[in-house]
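J.: Sequence:
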Amino acid sequence: MPKILPLFSTVKHLLASCLLMITGAVAAPTIAHADFIDGNALKLYCTSQNPTDDAICIVYITGAVDAFTTVDLFSEKSSDNKRVFCMPEGIQPDALKATTMKWMQRPESNLDFAATLLIWGAMKDSYSCPE
Numbered sequence: 165m166p167k168i169l170p171l172f173s174t175v176k177h178l179l180a181s182c183l184l185m186i187t188g189a190v191a192a193p194t195i196a197h198a199d200f201i202d203g204n205a206l207k208l209y210c211t212s213q214n215p216t217d218d219a220i221c222i223v224y225i226t227g228a229v230d231a232f233t234t235v236d237l238f239s240e241k242s243s244d245n246k247r248v249f250c251m252p253e254g255i256q257p258d259a260l261k262a263t264t265m266k267w268m269q270r271p272e273s274n275l276d277f278a279a280t281l282l283i284w285g286a287m288k289d290s291y292s293c294p295e
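Under the numbering used here, the first residue of the sequence shown carries the number 165, and numbering increases by one thereafter.
It should be emphasised that the hints constitute simulated quantities derived from the structure, not laboratory data. One or more hints might be untrue.
Claimed, not checked - DEER-style ranges, computed between Cβ atoms: (1) Lys241 - Gln213: 40 to 48 Å; (2) Ser212 - Asn245: 34 to 42 Å; (3) Pro215 - Leu237: 26 to 34 Å; (4) Ser242 - Asn214: 36 to 44 Å; (5) Ser243 - Asp202: 27 to 35 Å; (6) Cys293 - Thr216: 32 to 40 Å; (7) Asn204 - Lys241: 15 to 23 Å; (8) Ser242 - Asp217: 15 to 23 Å; (9) Val223 - Glu253: 19 to 27 Å; (10) Asp244 - Thr216: 38 to 46 Å; (11) Leu275 - Thr216: 17 to 25 Å; (12) Asp244 - Thr211: 40 to 48 Å; (13) Asp202 - Lys266: 14 to 22 Å; (14) Asp217 - Asn245: 35 to 43 Å.
From the three backbone atoms N, C-alpha and C, an ideal C-beta is built for every residue, glycine too.
With the hints as constraints, model all of the structure from the sequences given.
T.: Written out as C-alpha cells, the structure reads:
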C-alpha cells in the first residue's frame, strides 16, 4: 500500500502540470491582442445595432479620451507644457462617439491604424486648445 501513494502523488503533479501548460498555451495568444483594436473593428462596434457593441464603442472612445486628457493634465502640471485638448465642459460620450465617427469617415482616415490613434486625431481636430 505505501508504494501506491507516491505513484498517485506523481500522477497528480503530472496532470496538474499538463493542465497548467495547456491553459497557458490556450490563453497566451488571446492575451496578446485583447486590448488593441484597429479602426475597422471600432467602426463595426460603433455602427452595430447591438447594444453591447455600442457600449463597447462608447467605453473604448471615452476611455481613450480620458487617457489623453489625463496625460495632458500631467504634462501641463509637471512640465509646464501647454495643454493639447480643451474639452468642452459637460461633453457627453455620445458627442465623443459622433466626433470620432465623423473623423473616421474622412477619405484620408486609414482605418487600419490603431483605434486609439484615430480617436486621438478626431479629438485633436475638434477639441484642440487655442494657440
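J.: For which of the previously enumerated hints does the structure constitute a violation, in increasing order of number?
T.: 7 and 8
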